[in-house]
Amino acid sequence: MTTPDTGHPRRSLTLYVSGASPHSAQALEAVRRLCDEELAGQVELEVVDVADEPSAAARDRIVAVPTLVQRLPGPPRQLVGDLADVDRLRAGLDLGTAPQ
Amino acid sequence: MTNPRENGVDELGRLRTQIVELDRALTAIRAGDVDAVVLGGPHGSQLYTLVSADRPYRVIVEGMGDGAVTVSERGIILYANLRLAELVGADRAALLGRDVADLVDASAADTLLALLATTAPGTTRQEELELVHADGSAVPVLASVTGLDIEGVIVRCLVLADLTDRRRGEEELAGAYAELSRSTHELEEAQRIGRIGSWFWNPATDEITCSTQIFRILGTEPTSSGTMSRAVLAAAFHPEDASLATTARERALADRRPFVIEQRVVHVDGDVRQTVTRGEVVADADGAVAGMRGTTQDVTEQRRAATAVHEARAALMHQSMELAEEHRVKESLQRAVLPARLPSVAGVELAARYLPADMPSLVGGDWYDAFCLPDGGLAVATGDVVGHDLDAAATMGQVRNALRAYAFSDESPADVLARLNRLITGLGDNGLATALFGRLDSALRVFRWSCGGHPPPLLIGAAGVRLLSCHAGVMLGAVPEARAHYADAHAAVEPDDLLVLYTDGLIERRDRDLDEGFAALARAAGDLHGRTAETVCATLMDRLLPDQEHEDDVCLLVLRILPPNGPRLEG
Chain U
1 MTTPDTGHPR RSLTLYVSGA SPHSAQALEA VRRLCDEELA GQVELEVVDV
51 ADEPSAAARD RIVAVPTLVQ RLPGPPRQLV GDLADVDRLR AGLDLGTAPQ
Chain B
1 MTNPRENGVD ELGRLRTQIV ELDRALTAIR AGDVDAVVLG GPHGSQLYTL
51 VSADRPYRVI VEGMGDGAVT VSERGIILYA NLRLAELVGA DRAALLGRDV
101 ADLVDASAAD TLLALLATTA PGTTRQEELE LVHADGSAVP VLASVTGLDI
151 EGVIVRCLVL ADLTDRRRGE EELAGAYAEL SRSTHELEEA QRIGRIGSWF
201 WNPATDEITC STQIFRILGT EPTSSGTMSR AVLAAAFHPE DASLATTARE
251 RALADRRPFV IEQRVVHVDG DVRQTVTRGE VVADADGAVA GMRGTTQDVT
301 EQRRAATAVH EARAALMHQS MELAEEHRVK ESLQRAVLPA RLPSVAGVEL
351 AARYLPADMP SLVGGDWYDA FCLPDGGLAV ATGDVVGHDL DAAATMGQVR
401 NALRAYAFSD ESPADVLARL NRLITGLGDN GLATALFGRL DSALRVFRWS
451 CGGHPPPLLI GAAGVRLLSC HAGVMLGAVP EARAHYADAH AAVEPDDLLV
501 LYTDGLIERR DRDLDEGFAA LARAAGDLHG RTAETVCATL MDRLLPDQEH
551 EDDVCLLVLR ILPPNGPRLE G
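Here the protein sequences come in this chain order: U and B.
If you use this note's numbering, the first sequence corresponds to residues 1 to 100, in order.
If you use this note's numbering, the second sequence corresponds to residues 1 to 571, in order.
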């Protein structure tokens, strides 16, 4: 979980996972890494296990896991499936190509 | 032929239909109206059921009593059960996405991460750790880590068993053991101090389990097992006493009554110890003999002390009887030499007291005498023979009889004392005595006396009380005749005057000197002028020896000069 050091986070993310299933595990690793390394202090990340909280999944109209929901900034958008693909993840969050 | 516009409309209609169908399919899937979906994959289509296949396992894991947590290869928490959230005092949902190292103290994080990193997929390792509860307390756990490779993704499952109760149990056990050790030690100390040991005979092995003190009493080194056979034990006792134990044991087994036996133990160095053994049969619930238990005590010192007390008491009784006998002899001797009754003399009233000393062994040689002289005068004397034994009493008898003889010759009191001195020195038995001898001529109203080492007489006159001073001659028997000198003194007496003759027992106290004693006598007699001789006697005894305690003999002789018309009887 990443919490801001100062001020309000500019990004609000919710990652829906299903326990320790492989794609969920990879998605969580990738999202945490991105939040910790590139977006430190700018992201409020919530991780939800759909098995524990099915009502939360229904609210966001989640069809499959893992799904990353970005609530802010801009209109809500969803990234479904293989989040271990960093380029796809960055594109989905409008972060451009990975810095070298 | 084909109308593009119509084609476009058809295409749009088809897509619209497709979207509606897809939306319906998604809605059906979302609504849970389908059981499974068929998905394409590298190995062809696969069937995925939509009813959660791992649900039963979830139920088990959720319900299990141990904490369970699944972490990614980097140690990020993917799943945690309620029990784990409870162990660390956290909200379960909030644990997801956190580092598992947050669950333990910072100092233990490396240990945990190393444990995770070194647990390869397909293996399980265990280690004891301490979780940190939200309230700051440490929660000891046994962590079992299993590595899993799920389709190329490495995860690790931890099962954390709470060891708090086990730790507490271990601590209680350790405490109980320490308490037991302390109690055992105290019991051994008590046995050592009391020289008492305990034992138990086991009929199954026919051996006796003995406390450490038993071995000390027997003067042998404890065996490693702490047990002895009956034969070995019997050999430790005096040969004459060895059969006592066998007899007592057999009788106790027969009548089931406790027994007490006394046996001697002979140590290697020849020291013989006296022991007392008490024993009783132990029966089980069915009444069968389960063993015999008891104590053996070394009573040698007690017996020696008891013997010493007994001997001392016997010696004391013997001594007391001897003293009582000596006291009886001396008292009867003294009574024999004291006048049986005082003489009756015209113009003079007499009263006397004799009190032996409190200590029966200290009967002294005090005496007094009063007798009529041929010329009608009254002779009075008091004396004290030094010493408290039968020899002193015998000397007193001789002195008193000699004085009587000398008094009948018409000599002055000083001459009488001089002759008495010659007698005592001449006897050669180193006797020493004090004496006061006087003559009262009531017609002439004069008292003449002489003194050899004796307290002066007291005159209670109308004008007051005074000690009659005179030349104090030396004690009789102290120096030979040539150097001994005694002088006469005389004092005028009036009717109702009283003369008080006494021995030093009346005025001497350990806690005051002689001058204070004389002053006390004068005070005691201050208001007694005009009283009868008997009253003065009684009053002086009461006032000077109030509690009847007196360390020495006391003689008191009181003379009252009667008025010419006879005695007035006053209180």
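In case anyone wonders, no lab produced these hints; they're calculated from the structure.
Cβ atoms here follow ideal geometry from the backbone N, Cα and C, with glycine treated the same way.
Treat each hint with caution, since some may be false.
Using C-beta positions, here's what the derived DEER-type ranges look like [said to hold, decoys possible]:
| hint | chain 1 | residue 1 | chain 2 | residue 2 | range |
| --- | --- | --- | --- | --- | --- |
| 1 | B | V20 | U | G92 | 55 to 63 angstroms |
| 2 | U | G92 | B | E128 | 31 to 39 angstroms |
| 3 | U | A58 | B | E6 | 37 to 45 angstroms |
| 4 | B | L26 | U | D94 | 39 to 47 angstroms |
| 5 | U | Q42 | B | L142 | 15 to 23 angstroms |
| 6 | U | D82 | B | A120 | 32 to 40 angstroms |
| 7 | B | E172 | U | R61 | 25 to 33 angstroms |
| 8 | U | D82 | B | E172 | 24 to 32 angstroms |
| 9 | B | E128 | U | R61 | 27 to 35 angstroms |
| 10 | U | G96 | B | E6 | 39 to 47 angstroms |
Beyond 12 angstroms from chain B on every Cβ pair, some chain U residues (computed) [claimed, not checked]:
| hint | residue |
| --- | --- |
| 11 | S21 |
| 12 | L45 |
| 13 | L72 |
Hints, one by one, checked against the model:
{"no.": "1", "hint": "V20/B - G92/U: 55 to 63 angstroms", "result": "violated, 27 angstroms"}
{"no.": "2", "hint": "G92/U - E128/B: 31 to 39 angstroms", "result": "violated, 44 angstroms"}
{"no.": "3", "hint": "A58/U - E6/B: 37 to 45 angstroms", "result": "holds, 42 angstroms"}
{"no.": "4", "hint": "L26/B - D94/U: 39 to 47 angstroms", "result": "violated, 26 angstroms"}
{"no.": "5", "hint": "Q42/U - L142/B: 15 to 23 angstroms", "result": "violated, 40 angstroms"}
{"no.": "6", "hint": "D82/U - A120/B: 32 to 40 angstroms", "result": "violated, 26 angstroms"}
{"no.": "7", "hint": "E172/B - R61/U: 25 to 33 angstroms", "result": "violated, 56 angstroms"}
{"no.": "8", "hint": "D82/U - E172/B: 24 to 32 angstroms", "result": "violated, 55 angstroms"}
{"no.": "9", "hint": "E128/B - R61/U: 27 to 35 angstroms", "result": "violated, 46 angstroms"}
{"no.": "10", "hint": "G96/U - E6/B: 39 to 47 angstroms", "result": "holds, 44 angstroms"}
{"no.": "11", "hint": "S21", "result": "violated, 7 angstroms"}
{"no.": "12", "hint": "L45", "result": "violated, 6 angstroms"}
{"no.": "13", "hint": "L72", "result": "holds, 18 angstroms"}
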